[in-house]
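Chemist: So the chains spell out like this:
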Amino acid sequence: MLVLLLIMPVLQTILLSYAANYEVKNLALAVVDHDLSPASRQLAAKFSASGYFKVKQTTFATKEADHAMANDRVDIILEIPAHFERDLVRENHATVSLVANAINATKAGLGMGYAQNIVRDFNIEFAEKWMARTVSTAPATAEGGGYATAPSTVQITYSNWYNPKLDYKTFMVPGILGEIVALIIGFLTALNIVREREIGTIEQLNVTPVQKWQFILGKLLPFWLLSLVMMTVGLAAGKLMFDIPMVGNLGLVFLYTATFTPCMLGFGFFISNFSDSQQQATFTVWFFLLIFILMCGLFTPVESMPQWAQWLNVLNPIQYFVEFMRLVLLKGADFQDIKTNYFSVLTYAIAVNGLAVWSYKKRA
Amino acid sequence: MTNIITTHQLTRTFGKFTAVDAITFSVKEGEIFGFLGANGAGKTTALKMLTGLLSPSSGSATVAGFDVWKQPDQVKRRIGYMSQKFSLYEDLTVRENIRLYGGIYGLKMSEIKSKMGVLLEKLQLGPEADKLVGALPLGWKQKLAFSVALLHEPKIVFLDEPTSGVDPLTRRQFWELIYETAVTGVTLMVTTHYMDEAEYCDRVSIMVDGKIQALDTPRAMKEDFKAESMDEVFRRLARG
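Protein chains in written order, with my numbering: chain A, 1 to 364; chain B, 1001 to 1240.
Honestly, the hints are just simulated from the structure, not real lab data.
It is possible that some hints are incorrect.
Mimicking DSSO-like on lysine-lysine, the simulated pairs with C-alpha atoms at most 30 Å apart in a straight line are [unchecked claim]:
{"id": "1", "chain 1": "B", "residue 1": "Lys-1131", "chain 2": "A", "residue 2": "Lys-54"}
{"id": "2", "chain 1": "B", "residue 1": "Lys-1085", "chain 2": "A", "residue 2": "Lys-212"}
{"id": "3", "chain 1": "A", "residue 1": "Lys-56", "chain 2": "A", "residue 2": "Lys-219"}
{"id": "4", "chain 1": "B", "residue 1": "Lys-1141", "chain 2": "A", "residue 2": "Lys-362"}
{"id": "5", "chain 1": "A", "residue 1": "Lys-362", "chain 2": "B", "residue 2": "Lys-1115"}
{"id": "6", "chain 1": "B", "residue 1": "Lys-1115", "chain 2": "B", "residue 2": "Lys-1131"}
{"id": "7", "chain 1": "B", "residue 1": "Lys-1113", "chain 2": "A", "residue 2": "Lys-107"}
{"id": "8", "chain 1": "A", "residue 1": "Lys-219", "chain 2": "B", "residue 2": "Lys-1016"}
{"id": "9", "chain 1": "A", "residue 1": "Lys-56", "chain 2": "B", "residue 2": "Lys-1028"}
{"id": "10", "chain 1": "B", "residue 1": "Lys-1028", "chain 2": "A", "residue 2": "Lys-219"}
{"id": "11", "chain 1": "A", "residue 1": "Lys-361", "chain 2": "B", "residue 2": "Lys-1226"}
{"id": "12", "chain 1": "A", "residue 1": "Lys-129", "chain 2": "A", "residue 2": "Lys-219"}
{"id": "13", "chain 1": "A", "residue 1": "Lys-212", "chain 2": "B", "residue 2": "Lys-1155"}
{"id": "14", "chain 1": "B", "residue 1": "Lys-1113", "chain 2": "B", "residue 2": "Lys-1131"}
{"id": "15", "chain 1": "A", "residue 1": "Lys-212", "chain 2": "B", "residue 2": "Lys-1211"}
{"id": "16", "chain 1": "A", "residue 1": "Lys-362", "chain 2": "B", "residue 2": "Lys-1211"}
{"id": "17", "chain 1": "B", "residue 1": "Lys-1016", "chain 2": "A", "residue 2": "Lys-362"}
{"id": "18", "chain 1": "B", "residue 1": "Lys-1070", "chain 2": "B", "residue 2": "Lys-1028"}
{"id": "19", "chain 1": "A", "residue 1": "Lys-362", "chain 2": "B", "residue 2": "Lys-1222"}
{"id": "20", "chain 1": "B", "residue 1": "Lys-1141", "chain 2": "B", "residue 2": "Lys-1131"}
{"id": "21", "chain 1": "B", "residue 1": "Lys-1028", "chain 2": "A", "residue 2": "Lys-362"}
{"id": "22", "chain 1": "A", "residue 1": "Lys-239", "chain 2": "B", "residue 2": "Lys-1131"}
{"id": "23", "chain 1": "A", "residue 1": "Lys-361", "chain 2": "B", "residue 2": "Lys-1155"}
{"id": "24", "chain 1": "A", "residue 1": "Lys-361", "chain 2": "B", "residue 2": "Lys-1122"}
{"id": "25", "chain 1": "A", "residue 1": "Lys-361", "chain 2": "B", "residue 2": "Lys-1141"}
{"id": "26", "chain 1": "B", "residue 1": "Lys-1070", "chain 2": "A", "residue 2": "Lys-63"}
{"id": "27", "chain 1": "B", "residue 1": "Lys-1211", "chain 2": "A", "residue 2": "Lys-219"}
{"id": "28", "chain 1": "B", "residue 1": "Lys-1070", "chain 2": "B", "residue 2": "Lys-1085"}
{"id": "29", "chain 1": "A", "residue 1": "Lys-219", "chain 2": "B", "residue 2": "Lys-1085"}
{"id": "30", "chain 1": "B", "residue 1": "Lys-1113", "chain 2": "B", "residue 2": "Lys-1070"}
{"id": "31", "chain 1": "B", "residue 1": "Lys-1016", "chain 2": "A", "residue 2": "Lys-361"}
{"id": "32", "chain 1": "B", "residue 1": "Lys-1226", "chain 2": "A", "residue 2": "Lys-362"}
{"id": "33", "chain 1": "A", "residue 1": "Lys-219", "chain 2": "B", "residue 2": "Lys-1141"}
{"id": "34", "chain 1": "A", "residue 1": "Lys-219", "chain 2": "B", "residue 2": "Lys-1070"}
{"id": "35", "chain 1": "B", "residue 1": "Lys-1141", "chain 2": "A", "residue 2": "Lys-212"}
{"id": "36", "chain 1": "B", "residue 1": "Lys-1141", "chain 2": "B", "residue 2": "Lys-1115"}
{"id": "37", "chain 1": "A", "residue 1": "Lys-46", "chain 2": "B", "residue 2": "Lys-1141"}
{"id": "38", "chain 1": "B", "residue 1": "Lys-1222", "chain 2": "A", "residue 2": "Lys-361"}
{"id": "39", "chain 1": "A", "residue 1": "Lys-54", "chain 2": "B", "residue 2": "Lys-1211"}
{"id": "40", "chain 1": "A", "residue 1": "Lys-362", "chain 2": "B", "residue 2": "Lys-1113"}
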């Protein structure tokens, strides 16, 4: 069991960080090329070279591509009209059509975003090439001939702070760690007291003068230590395998973890006290954990949730943890920066463990 | 002799079902009190109310001079309890269980150590001390549970069907343990449905459908019912 508990965070971190992220890659692309010109081929090649798209189909018939999308074989259709190159050269203007399968809206949105970037890049390259050719074939005869100079373009440069390489693993790992520890701790504690009730050992404890708070504290301590060990193992795995940045103070990370895990511990005990069987406890914990995990900001930003959901999230311990880990590990925030978060979690821990003590009944 | 347990109209209902119906009785200090009745007669429910595991629906009870409802911790410090269901930790060793319960009752480490030695010696569990309790035979488990219930030197020990499911030889040994304990002045309240065991008690009560139908010494009870054995007394009472 103990070995299992130490392997679980490592395995989940690896699996989820690699597989469950926002990067959309390998979008299936169908190219409908009515032009068959060097320019059209160049554009299609640019798509497949980007790494985001895989050309699954090249055809001349729009219908064929539509059919492929209907059968889910293709995510995006790039349709290049006839006379594409001619229009581009003569009229300095041409149109291509992009169709996305928007059943998965995120995928469609990101795919379109990538596609637009590729088309824009293509535009610039094509313009430069064309201008260069014009210049070389028509040496400057007219003074100040406007068409001889390349059009001035404004280029936007990006710099991605705190995660310069836009590595999603950096974004995911700290959050996943919190989610895993919360999951394991939540289940272990929720099943604990109710299990004793099922096998009857709790009766022997209840006839002793042991105080309710002593009982909960006695239950809490071993799991609390276990959670710290799990966090250490998880952080080490994140560092060794993904080289996640640890900009902030590690002491602060452990102080915070030591305050955060009692939230989940107390939460589990509280549920356990209200459950008649381990089965019931499992269902109840799963109900809450699913909400906590999906709303913790790991998968969708908390700021984009409706106001009422953000209010509900005040009760979501994992949300605090994810925010903290990102602030401290990735941005190097110090205690002053995360003070509000820390005291929220501290209050949460005290309140939920108070509830656990209160709901533990020595007498039926 | 003074009364160490007294109850007055003690009642417990579960919904519409009355498990214990206004029982009033007392147990004297130092006696072995047999709490008899068929399965479902209300013995365990009554015992759970006296040990503070269950709150009474109405009525009152005092144990060792304290009100079980108002002063549960005072009561709990002075009682030992052995549940019908074996309730030591099967995934801890014999030694660990003793240390755990010694600690819970606030015994000092030195006290626990010396008691551990005496206890292991008495139960001849020395070689088994570091084995998991779950691996012991039922008879040994029961004897261990009884000894653990005595660890903090309680004034009263409640034993809920301590001998159910064990072989006749172990039952006999168990009753020897009960006698040895009684000699030290501890009061024992034992529930059982073995009528031969009733003969070993100083006084017995017989519960039928939540009520105490008879309470006396086994000898007086047999005379009253003009019966040869407690078994016969019980059958007449249970038939109604």
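Chemist: All the hints need checking, so say for each whether the structure fits it.
Modeler: Right, here's what the structure says about each hint:
no.: 1; hint: B:Lys-1131 <-> A:Lys-54; result: 63 Å, violated
no.: 2; hint: B:Lys-1085 <-> A:Lys-212; result: 23 Å, holds
no.: 3; hint: A:Lys-56 <-> A:Lys-219; result: 57 Å, violated
no.: 4; hint: B:Lys-1141 <-> A:Lys-362; result: 24 Å, holds
no.: 5; hint: A:Lys-362 <-> B:Lys-1115; result: 27 Å, holds
no.: 6; hint: B:Lys-1115 <-> B:Lys-1131; result: 18 Å, holds
no.: 7; hint: B:Lys-1113 <-> A:Lys-107; result: 67 Å, violated
no.: 8; hint: A:Lys-219 <-> B:Lys-1016; result: 36 Å, violated
no.: 9; hint: A:Lys-56 <-> B:Lys-1028; result: 92 Å, violated
no.: 10; hint: B:Lys-1028 <-> A:Lys-219; result: 38 Å, violated
no.: 11; hint: A:Lys-361 <-> B:Lys-1226; result: 47 Å, violated
no.: 12; hint: A:Lys-129 <-> A:Lys-219; result: 73 Å, violated
no.: 13; hint: A:Lys-212 <-> B:Lys-1155; result: 24 Å, holds
no.: 14; hint: B:Lys-1113 <-> B:Lys-1131; result: 17 Å, holds
no.: 15; hint: A:Lys-212 <-> B:Lys-1211; result: 34 Å, violated
no.: 16; hint: A:Lys-362 <-> B:Lys-1211; result: 26 Å, holds
no.: 17; hint: B:Lys-1016 <-> A:Lys-362; result: 24 Å, holds
no.: 18; hint: B:Lys-1070 <-> B:Lys-1028; result: 22 Å, holds
no.: 19; hint: A:Lys-362 <-> B:Lys-1222; result: 40 Å, violated
no.: 20; hint: B:Lys-1141 <-> B:Lys-1131; result: 12 Å, holds
no.: 21; hint: B:Lys-1028 <-> A:Lys-362; result: 27 Å, holds
no.: 22; hint: A:Lys-239 <-> B:Lys-1131; result: 41 Å, violated
no.: 23; hint: A:Lys-361 <-> B:Lys-1155; result: 25 Å, holds
no.: 24; hint: A:Lys-361 <-> B:Lys-1122; result: 36 Å, violated
no.: 25; hint: A:Lys-361 <-> B:Lys-1141; result: 27 Å, holds
no.: 26; hint: B:Lys-1070 <-> A:Lys-63; result: 84 Å, violated
no.: 27; hint: B:Lys-1211 <-> A:Lys-219; result: 40 Å, violated
no.: 28; hint: B:Lys-1070 <-> B:Lys-1085; result: 27 Å, holds
no.: 29; hint: A:Lys-219 <-> B:Lys-1085; result: 22 Å, holds
no.: 30; hint: B:Lys-1113 <-> B:Lys-1070; result: 34 Å, violated
no.: 31; hint: B:Lys-1016 <-> A:Lys-361; result: 23 Å, holds
no.: 32; hint: B:Lys-1226 <-> A:Lys-362; result: 45 Å, violated
no.: 33; hint: A:Lys-219 <-> B:Lys-1141; result: 25 Å, holds
no.: 34; hint: A:Lys-219 <-> B:Lys-1070; result: 27 Å, holds
no.: 35; hint: B:Lys-1141 <-> A:Lys-212; result: 27 Å, holds
no.: 36; hint: B:Lys-1141 <-> B:Lys-1115; result: 18 Å, holds
no.: 37; hint: A:Lys-46 <-> B:Lys-1141; result: 77 Å, violated
no.: 38; hint: B:Lys-1222 <-> A:Lys-361; result: 43 Å, violated
no.: 39; hint: A:Lys-54 <-> B:Lys-1211; result: 83 Å, violated
no.: 40; hint: A:Lys-362 <-> B:Lys-1113; result: 29 Å, holds
In this structure, the earlier hints numbered 1, 3, 7, 8, 9, 10, 11, 12, 15, 19, 22, 24, 26, 27, 30, 32, 37, 38 and 39 are contradicted, and the remaining ones agree with it.
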